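**Q** Here's the letter readout for the chains.
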Amino acid sequence: MAGGEKHGYAMMEDIRQFAAVRLGPGTLYGAITRLEERGWIRPVESDDRRQPYCLTAAGRHYLEEQLASLDQVVKTAARRLKHA
Amino acid sequence: MRRMMRWAARLYPAAWRARYGDELDVLLDDAGPRWADVFDILRGALTMQVATLNFWKIAAAFAIAGAMTAGAWSLTQSDRYVSSAVLRISDPSAGVTRMQAWLHMQALQQEVLSRHSLSNIIQEQKLYDKERSHEPLEDIVQTMRVRDLLVKPMSGGEFTVTFANQDRAAAQATVRAVVAAFAEANVAHGKLNLEVVRPASLPDVSSVPDRPRVIFSGLMAGLLVGAVVGALYTIARGRKQWSLRLIAAFAVAGMAIGLTIAMSIPDRFVSMAVLRTSETDKFGAALRTALSDASIDDVIMKYELYPAERRSMPIAQVIGKMRNTAIQVRIVELPADTQARAFTVAFAYTDRYKAQMVTQELVARISGTVRAEVLDPPSMPMAPSSPNRLQIGAFGLFAGTLLGLAASRLRRPPLATA
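Protein sequences, first through last, are from chains A and B.
Following the numbering used here, the numbering of the first sequence begins with 1 at its first residue and continues without gaps.
Following the numbering used here, the numbering of the second sequence begins with 1 at its first residue and continues without gaps.
What the hints contain is simulated information worked out from the structure, not anything from laboratory work.
Predicted model only: the values in this text are computed from it and were never measured.
Treat the hints with care, as some may be off.
[What the hints assert, rightly or not] Facing chain A, from chain B, some residues (calculated, C-beta under 7 Å):
no., residue
1, Y20
2, L24
3, V26
4, L27
5, L28
6, D30
7, D37
8, D40
9, I41
10, G44
11, T47
12, K130
13, E131
Glycine is no exception: its CB is placed at the ideal position from the N, C-alpha and C atoms.
When you get a sec, could you build the whole thing from the sequences and use the hints?
**A** Here's what the structure looks like:
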């Protein structure tokens, strides 16, 4: 959703393509429920039967924090591997 | 499979379905049917149900689990059929009192329910085949005597003999054999007549276990435990629908009422002696004399027993109360090759010294007319045998907690003041 709003099936397909993991419908909607409860995503009005979601400002901020933290871990690991 | 996926999706909590149900349906249409997804949805529904647990869900889950456990247990218990016969003790020349009938039946039971007699019946009727392969006959006789074979007095000198077995024909045959043993014992004891009012019945339907009753008991027990667990869970989760003060007040009040009732029940001390006699034929007569109205009246006066009852009811009733509720004479099992019989004589009373003295008196009165050896003299009871105050208090606490939970749940919120 960082790249734009997405409905459930689009998220499932996106995750399958970039992570090579297929999330089941129960797992995906468990995650959507939790993310919405925490205020990190919100539903977007749509005429389609499919319900799209987008990131909220809080969600974007949290995602950026997580990415920065992951980036730090990846850089550190890469540096240590290089000198090993 | 699509139908199974939709059925699995219905297992999500209603509130969740109202919010996400349509979206999930569309996703299932888009993603196509897959077995893995059925299990994924089931797992998601279970996770969501647990995440939205509340008092009623927990209480209902415990109730269903209790009913299912009780049902499963009852299925492991094989059907048992109960056959019964009715016997009557009468005197052809004169009437027979209830007391005479009871004492005569006691004397007959000593013969019929003895280890020797029951062992014969077990072997003749081929009862307890499985148990006999791995349990001593001694234990099987005891099981038969305590659990399966019952002799109960009725009105008018009548007695029922019942026996429960997995085979209805065997149940009937065993009751017939027991009735025959009673008739045989009665011939030896002479004097009174023993007639069969109703012969051994052939039971049509199994009566043990009573499955609907077992399942209902499991349901109710589960509901009670679920109510307490549900309340504790919601309290621990910090939900404000419970009033801890109200629950605690009811619990304390319940315990206080329980303890007050328990304290108002006087202590009962039981003194017991063990006698052995080889004159078994005379023992019944000796017991009859010692427990006659005149003898018990004499004991009551001598030891000034039941002063309050004597003021409020006729002496005949006091005598009946003492004989039926306070005095117990029981057979003690001895090895089969022993000719002698042993008996316990016990008396329960609110004063432990009097309990011991009266037991001593009863032993003396029995030994006066039959040669009996006192194996164990009347004991001095150190602690009361009843009431169990801790148990009554704990019951009061539990009942109070349940009432408190109900009151806390049902109470109206206070009206807002302007």
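**Q** Each of the hints needs a verdict: does it hold here or not?
**A** Hints versus structure:
1. Hint on Y20 of chain B holds. Least Cβ distance to chain A is approximately 6 Å, under the 7 Å limit.
2. The criterion of a C-beta within 7 Å of any C-beta in chain A is met by L24 of chain B, whose closest approach is roughly 6 Å, and the hint holds.
3. Against a cut-off of 7 Å between C-beta atoms, the interface hint on V26 of chain B holds, since the closest Cβ of chain A lies about 5 Å away.
4. Against a cut-off of 7 Å between C-beta atoms, the interface hint on L27 of chain B holds, since the closest Cβ of chain A lies about 4 Å away.
5. Interface restraint check: L28 of chain B against chain A, minimum CB-CB distance 6 Å, threshold 7 Å, status holds.
6. At its closest, the beta carbon of D30 of chain B sits 4 Å from a beta carbon of chain A; the interface hint therefore holds under the 7 Å criterion.
7. Taken as an interface hint, D37 of chain B checks out: its beta carbon lies about 5 Å from the nearest beta carbon of chain A, inside 7 Å.
8. Below 7 Å, beta-carbon pairs count as interface contacts, and D40 of chain B has one with chain A at about 3 Å; its hint therefore holds.
9. Of the supplied interface hints, the one on I41 of chain B holds, with its beta-carbon coming within about 4 Å of a beta-carbon of chain A, less than 7 Å.
10. About 3 Å separates the beta-carbon of G44 of chain B from the nearest beta-carbon of chain A, less than 7 Å, and the hint is met.
11. The beta carbon of T47 of chain B is positioned within 7 Å of a beta carbon in chain A (closest approach about 6 Å), and the interface hint is therefore held.
12. Because the beta carbon of K130 of chain B sits about 48 Å from the nearest beta carbon in chain A, more than 7 Å, this interface hint is broken.
13. Taking 7 Å as the C-beta cut-off, the interface hint given for E131 of chain B is violated, the closest approach to chain A being about 51 Å.
Consistency note: the structure conflicts with the earlier hints numbered 12, 13.
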